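Engineer: Here's the letter readout for the chains.
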Amino acid sequence: MTDLDRAAVLQTRVPRRRADRFQINGYFFFILPGVAFVLALTLFPALYGVYISLTNLNLGYVGSSFVGLDNYVRFFTWNDLGLVARNTLTFVATSVILQVVIGLAVAILLDQRLIGYRLMRSITILPWVLPSVVVGLVFAQIFGGSRLGIANYLLSLVGIGQMSWFADPALAMAILIGVCTWRGIPFAVIVLLGGLQTLPRDVYEAAAIDGATRWQRFRYITVPMLRPIILICLIMGTGGALNSLDIPLALTGGGPGNATELIAISLYKQSFLQLDISYGATIGTVMLIANLVLIVLYLSVLKPRRRAERG
Amino acid sequence: MADISVATNRRPFWRGRARRPLEPSPIAYIFYPVLAAAIILPLSWALFGGFKNPNELFTYPPTIWPRSPTLQNFVDIFTRLEFGRYIWNTIVVAFFTVLLTLFLGGLAAYALSRWDFQGKEAMMIGLLGLQLIPSTVNIVPYYMIMSSLGLLNTLTGLVLIYTATHIPITIWVLKGFFDTVPRALDEAAAIDGCSKWRTFWSVIMPLSLPGLSVAGFLVFVSAWSEFLVPLVIASNKNVAVASVGLFTFFGPEQATSYTSLFAATLITVTPVVIGYLFAQRYIVSGLTAFAEK
Numbered sequence: 035m036t037d038l039d040r041a042a043v044l045q046t047r048v049p050r051r052r053a054d055r056f057q058i059n060g061y062f063f064f065i066l067p068g069v070a071f072v073l074a075l076t077l078f079p080a081l082y083g084v085y086i087s088l089t090n091l092n093l094g095y096v097g098s099s100f101v102g103l104d105n106y107v108r109f110f111t112w113n114d115l116g117l118v119a120r121n122t123l124t125f126v127a128t129s130v131i132l133q134v135v136i137g138l139a140v141a142i143l144l145d146q147r148l149i150g151y152r153l154m155r156s157i158t159i160l161p162w163v164l165p166s167v168v169v170g171l172v173f174a175q176i177f178g179g180s181r182l183g184i185a186n187y188l189l190s191l192v193g194i195g196q197m198s199w200f201a202d203p204a205l206a207m208a209i210l211i212g213v214c215t216w217r218g219i220p221f222a223v224i225v226l227l228g229g230l231q232t233l234p235r236d237v238y239e240a241a242a243i244d245g246a247t248r249w250q251r252f253r254y255i256t257v258p259m260l261r262p263i264i265l266i267c268l269i270m271g272t273g274g275a276l277n278s279l280d281i282p283l284a285l286t287g288g289g290p291g292n293a294t295e296l297i298a299i300s301l302y303k304q305s306f307l308q309l310d311i312s313y314g315a316t317i318g319t320v321m322l323i324a325n326l327v328l329i330v331l332y333l334s335v336l337k338p339r340r341r342a343e344r345g
Numbered sequence: 433m434a435d436i437s438v439a440t441n442r443r444p445f446w447r448g449r450a451r452r453p454l455e456p457s458p459i460a461y462i463f464y465p466v467l468a469a470a471i472i473l474p475l476s477w478a479l480f481g482g483f484k485n486p487n488e489l490f491t492y493p494p495t496i497w498p499r500s501p502t503l504q505n506f507v508d509i510f511t512r513l514e515f516g517r518y519i520w521n522t523i524v525v526a527f528f529t530v531l532l533t534l535f536l537g538g539l540a541a542y543a544l545s546r547w548d549f550q551g552k553e554a555m556m557i558g559l560l561g562l563q564l565i566p567s568t569v570n571i572v573p574y575y576m577i578m579s580s581l582g583l584l585n586t587l588t589g590l591v592l593i594y595t596a597t598h599i600p601i602t603i604w605v606l607k608g609f610f611d612t613v614p615r616a617l618d619e620a621a622a623i624d625g626c627s628k629w630r631t632f633w634s635v636i637m638p639l640s641l642p643g644l645s646v647a648g649f650l651v652f653v654s655a656w657s658e659f660l661v662p663l664v665i666a667s668n669k670n671v672a673v674a675s676v677g678l679f680t681f682f683g684p685e686q687a688t689s690y691t692s693l694f695a696a697t698l699i700t701v702t703p704v705v706i707g708y709l710f711a712q713r714y715i716v717s718g719l720t721a722f723a724e725k
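Top line first, the protein sequences correspond to chains V and W.
Each number in my numbering corresponds to the 1-based position in the first sequence with 34 added.
Each number in my numbering corresponds to the 1-based position in the second sequence with 432 added.
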């Protein structure tokens, strides 16, 4: 077959059929099991969780009955709600902003492709591969349950006295934010680096010819062109921080007292330590609503991009 | 001479090979060691901690490099602390999750690649949306569902949940891959009398090994690291996976020494880190695709 023949064959094959009306055919049974699986263990549990939140189910008692919105009344009049909301907000906002800002800086650094950037990229992405509970446990040791953590030693080298890191509410929160940022930066870097690599070069050349400084090129070319990607990072980072439970649980467990108690930790403690599982489901439903907002935002940022790609 | 260098777009050696939007500056090198240290230092403390004598962690000043390296911690965690069982459970769960996810996701991805119907786009987007419902939100219902199915404290329960939560990303990655496999192959197979199933199983799947390994690796890493779901629905010593074992039986509140924790940590991260080193190119492109699609 010559190239010309091949081209001819391609010509006859390429025009794709227009989308048919949905009609069950052999392919339907290819899609069914996978989709059924997904629906059964993602959508169904989410709805089932809403149902549980309307009952008084408690793992400590037998049986349960329908109690309407009682749990929600309890939730919104909960003594700790203010504290937990403030903690969650501080934690999510700070760690997301840090992740995106540092992530963008690192992505731009790696995008320079200096010698050794491949190695640097591997190192940068490493924290993303580590199981997050491992990250939590390792940093818990670094700051030390006791005064013997390596962090205190490093402080003593620069002449600062020892601190009991996890006993101070503000310090514990700062460490929690720092560690989650450490773990979250790689994802931001991967996504932003991917975005940077799609930016057309000629715009930068034109700007350079017009005498734009490095900062101006960053401010007026990179940031605007990268905006959808930055938005995606912000949205996914917010979701990740809001729902993260492994690192907080392994690192501070909500302590000292409940100074670093986040909403996800409350959900876990209420459901599986207090056994008040319907209250846990109530917190879960509130979190589900927050997540749905994020998901809708995420998909709406993606959609225009998909259209644009198709031309 | 100048003309030639413009034409070949030759750049100074320190600028690397590829085209760069922002002019590179060697000043950036200053940040390399800072970045590397911020990532590697904390990890090395844990890495070398696994080889230290338990008493050495309490010496002052602390050491990074073990004074008298020992493998005793590793012997300990496998003999006395049953860490081998947790690792084995993790392997079993991750293996079956990958297998089931690739099979179900592959089937669906193939159909979605070859069959155009109204609402296909909506279905793909919907799947992506479902994937984004976090397990934190679903953890209470998961517990109740597995409890009523009698699957609490079984590895099967874990495999079922992991599979469901990883099918969407698998479909997205594999559909992208199947789209690049020419339809002419399907048609040739059909002429030879292959059913859709035979075409999928004997023609398309074997051709798609690269795509399958990318998706498989992403699923593997994720299943290996999963923590909250197994903590809640499979916390029993017999079925605990490595992450749960680390947290529950090696955590800060346990009597085991920190050196055992570090040794167990090292064993837990080794498979994913080695896999990552081999597959990072694909992971990066796979994830980028995920974020951009």
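Certain hints may be false.
Stated by the list, open to error - Which residues of chain W face chain V? A few of them, derived with a C-beta cut under 7 Å, are:
| no. | residue |
| --- | --- |
| 1 | Ile471 |
| 2 | Ala543 |
| 3 | Thr568 |
| 4 | Thr702 |
| 5 | Pro703 |
| 6 | Val704 |
| 7 | Ile706 |
To be verified - Selected chain V positions facing chain W (in silico; Cβ < 8 Å):
| no. | residue |
| --- | --- |
| 8 | Gly60 |
| 9 | Gly116 |
| 10 | Val118 |
| 11 | Leu132 |
| 12 | Val140 |
| 13 | Ser305 |
Claimed, not checked - Listed below are the simulated DSSO-like cross-link pairs for lysine-lysine, each with C-alpha atoms no more than 27 Å apart in a straight line:
| no. | chain 1 | residue 1 | chain 2 | residue 2 |
| --- | --- | --- | --- | --- |
| 14 | W | Lys552 | V | Lys337 |
| 15 | W | Lys552 | W | Lys628 |
| 16 | V | Lys303 | W | Lys669 |
It should be emphasised that the hints constitute simulated quantities derived from the structure, not laboratory data.
Everything numeric in this text was worked out from a predicted model, so none of it was measured.
Glycine included, every Cβ here is placed at the ideal spot set by N, Cα and C.
Engineer: Taking 7 Å as the limit, does the beta-carbon of isoleucine 706 of chain W come near enough to a beta-carbon in chain V?
Structural biologist: violated, 10 Å
Engineer: Using Cβ atoms only, decide whether glycine 116 of chain V comes closer than 8 Å to chain W, and label the hint accordingly.
Structural biologist: At about 21 Å, which exceeds the 8 Å cut-off, the nearest Cβ of chain W leaves the hint on glycine 116 of chain V violated.
Engineer: Classify the hint on valine 140 of chain V as holds or violated, based on whether any CB of chain W lies nearer than 8 Å to its CB.
Structural biologist: holds, 7 Å
Engineer: Does lysine 337 of chain V lie within 27 Å of lysine 552 of chain W when you go C-alpha to C-alpha?
Structural biologist: Within the cut-off at roughly 14 Å; holds.
Engineer: Does the interface hint hold: is alanine 543 of chain W within less than 7 Å of chain V, judged Cβ to Cβ?
Structural biologist: Alanine 543 of chain W check passes; min Cβ-Cβ to chain V is 4 Å, inside 7 Å.
Engineer: Does the nearest C-beta of chain V fall within a distance shorter than 7 Å of the C-beta of threonine 702 of chain W?
Structural biologist: Violated. Min distance 11 Å.
Engineer: Using Cβ atoms only, decide whether proline 703 of chain W comes closer than 7 Å to chain V, and label the hint accordingly.
Structural biologist: violated, 10 Å
Engineer: Less than 7 Å between beta-carbons is the criterion; does threonine 568 of chain W satisfy it with respect to chain V?
Structural biologist: holds, 4 Å
Engineer: Verify the interface restraint on serine 305 of chain V: the C-beta must sit less than 8 Å from at least one C-beta of chain W.
Structural biologist: Holds: closest Cβ of chain W sits about 5 Å from serine 305 of chain V, inside 8 Å.
Engineer: Would the hint on valine 118 of chain V be counted as holding, given a Cβ-Cβ threshold of 8 Å to chain W?
Structural biologist: Valine 118 of chain V check fails; min Cβ-Cβ to chain W is 14 Å, beyond 8 Å.
Engineer: Hey, does the leucine 132 of chain V contact hint survive, CB to chain W under 8 Å?
Structural biologist: Since chain W brings no Cβ nearer than about 13 Å to leucine 132 of chain V, farther than 8 Å, the hint is violated.
Engineer: For a C-alpha distance cap of 27 Å, please report whether lysine 552 of chain W and lysine 628 of chain W respect it.
Structural biologist: Given pair lysine 552 of chain W, lysine 628 of chain W holds - Cα atoms ~19 Å apart, limit 27 Å.
The structure is inconsistent with the numbered hints 4, 5, 7, 9, 10, 11, although it conforms to all the rest.
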